[in-house]
Amino acid sequence: MVPLSYYVTLSAIVFITGVVGVLIRRNIIIILLSVELMLNATNINFVAYSYYFQNIAGQVFVFFALTVAAAEVAVGLAIIIALYRSRSSINVDEFQLLKW
Amino acid sequence: MGLFFFYYLAGVIILTALLVVALRNPIYSVLSLLIMFFHVAGLYVTLHAEFLAAVQVIVYAGAILVLYLFVVMLLNVKREDRYHPQLPIGAFMGLVIVTEVLLLAFQRRESDLPAMPPPGSVAQVVGNTETIGDVLYTTYLFPFEVASLILLVAMIGAIVLAKRDLFEKQA
Numbered sequence: 050m051v052p053l054s055y056y057v058t059l060s061a062i063v064f065i066t067g068v069v070g071v072l073i074r075r076n077i078i079i080i081l082l083s084v085e086l087m088l089n090a091t092n093i094n095f096v097a098y099s100y101y102f103q104n105i106a107g108q109v110f111v112f113f114a115l116t117v118a119a120a121e122v123a124v125g126l127a128i129i130i131a132l133y134r135s136r137s138s139i140n141v142d143e144f145q146l147l148k149w
Numbered sequence: 070m071g072l073f074f075f076y077y078l079a080g081v082i083i084l085t086a087l088l089v090v091a092l093r094n095p096i097y098s099v100l101s102l103l104i105m106f107f108h109v110a111g112l113y114v115t116l117h118a119e120f121l122a123a124v125q126v127i128v129y130a131g132a133i134l135v136l137y138l139f140v141v142m143l144l145n146v147k148r149e150d151r152y153h154p155q156l157p158i159g160a161f162m163g164l165v166i167v168t169e170v171l172l173l174a175f176q177r178r179e180s181d182l183p184a185m186p187p188p189g190s191v192a193q194v195v196g197n198t199e200t201i202g203d204v205l206y207t208t209y210l211f212p213f214e215v216a217s218l219i220l221l222v223a224m225i226g227a228i229v230l231a232k233r234d235l236f237e238k239q240a
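Protein chains in written order, with the numbering used here: chain A, 50 to 149; chain B, 70 to 240.
Honestly, the hints are just simulated from the structure, not real lab data.
Any given hint could turn out to be false.
[Said to hold, decoys possible] Reference listing, derived: stretches of chain A covered by chain B, where coverage requires no fewer than 3 residues with Cβ under 8 Å from a Cβ of chain B: (1) 92 to 106; (2) 114 to 120.
[What the hints assert, rightly or not] Label pairs and their calculated CB-CB ranges: (3) A/Q145 <-> B/A123: 25 to 35 Å; (4) A/V141 <-> B/A132: 23 to 33 Å; (5) B/L210 <-> A/R134: 33 to 43 Å; (6) A/Q145 <-> B/L210: 39 to 49 Å; (7) B/Q176 <-> A/L146: 43 to 53 Å; (8) A/I128 <-> B/F73: 38 to 48 Å; (9) A/T91 <-> B/M162: 18 to 28 Å; (10) A/R134 <-> B/T198: 39 to 49 Å.
[Said to hold, decoys possible] Computed from the model, here is a short list of chain A residues facing chain B with C-beta under 10 Å: (11) V51; (12) Y55; (13) Y56; (14) F64; (15) G67; (16) E85; (17) V111; (18) A131; (19) Y133.
All C-beta atoms, glycine included, are put in the ideal place defined by N, C-alpha and C.
So that you can see chain A by itself, here it is in the shape it has in the complex:
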């Protein structure tokens, strides 16, 4: 069978891909997609450990993480639409209102 560390490594690689995506991209939509990558990486971890410990709680937490992801997407995309209306752009460099 597949050892547990393989799943953890896969999850780590996907998570770090998401972190790098948040850091290097300037399109807000891609940044939100990278956040989705990170959430999925944690979900992989949860399910792998749930299988390993034979404990169903990990899968229940994936369920909650999914709820939070759906809420985050709904609010995030609404914010993107509002931003695009005010600036006609979704480039994060254009939004520097809080930066001095």
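Put chain B on the given structure of chain A with help from the hints.
Using the frame of chain A, we list chain B on its own:
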């Protein structure tokens, strides 16, 4: 055989995750994320979490990504989107963290690693929709209600944020 499936699924997941970050056209990024979600669902099936695999396909691939595609096509963004000037720093930090994680993951010998339990013994307990529902509605009843409240708040928030002249009438 299980290892072969894992390598296939993991390879496709990593490749599509990299493509999500690397591709310039947002539509291609969303589509490669779709492929990734399907393979993550396959990974859940190999881990005997069939209910979560179904939920992953329905909610993530069916609802969330459709929302993303809708917004991408609604905004009609231009394709030129250069990388952030922080790219070298971000890539360096990511490399450092990757190295650290890989070192930690392979610190132990292969023989010391806990082996995964055989599939037959767990299939009846874990991954059963009935078991998940049982735990969700008894032990995790309060978090479940909080999750429903979060969804309600997100729904109201999205409507308020995206509605064009909600505050202009009052002003």
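Report task. Hint says 23 to 33 Å; check whether the CB-CB distance for A/V141 and B/A132 agrees. Result -> Taking Cβ atoms as reference, A/V141 and B/A132 lie about 25 Å apart, which means the hint holds.
Report task. Using 10 Å as the Cβ threshold, decide whether A/E85 counts as touching chain B. Result -> holds (7 Å)
Query raised in the report: Minimum Cβ distance from A/A131 to chain B below 10 Å?
Result: Since chain B brings a Cβ to about 5 Å from A/A131, closer than 10 Å, the hint holds.
Report task. Confirm or reject the claim that A/Q145 and B/A123 have a C-beta distance inside 25 to 35 Å. Result -> Given a distance of about 43 Å, which is not inside 25 to 35 Å, the answer is violated.
**Report entry** Hint status (Cβ of A/F64 to nearest Cβ of chain B, threshold 10 Å)
**Finding:** holds (9 Å)
Requested in this report: State, for the Cβ atoms of A/T91 and B/M162, whether the hinted interval 18 to 28 Å holds or is violated.
Outcome: Roughly 19 Å apart at Cβ, these two residues keep to the hinted range, so it holds.
Query - Agreement of hint A/G67 with chain B interface, Cβ distance less than 10 Å - result: With a minimum Cβ separation of about 7 Å from chain B (threshold 10 Å), the hint on A/G67 holds.
Query raised in the report: For the hint on A/V51, does the least C-beta distance to chain B fall short of 10 Å?
Result: Holds, because the Cβ-Cβ distance from A/V51 to chain B comes to roughly 5 Å (cut-off 10 Å).
Query - Interface hint outcome for A/Y56 [beta carbon to chain B under 10 Å] - result: holds (8 Å)
Requested in this report: Test coverage of the region 92 to 106 of chain A by chain B using CB-CB distances below 8 Å; three residues minimum.
Outcome: holds (count 11)
**Report entry** Hinted contact A/V111 with chain B - closest CB pair below 10 Å
**Finding:** Holds. Min distance 6 Å.
Query raised in the report: Using the C-beta atoms of B/Q176 and A/L146, is the stated range 43 to 53 Å upheld?
Result: holds (46 Å)
Hint compliance for this structure: hint 3 is the single one not met.
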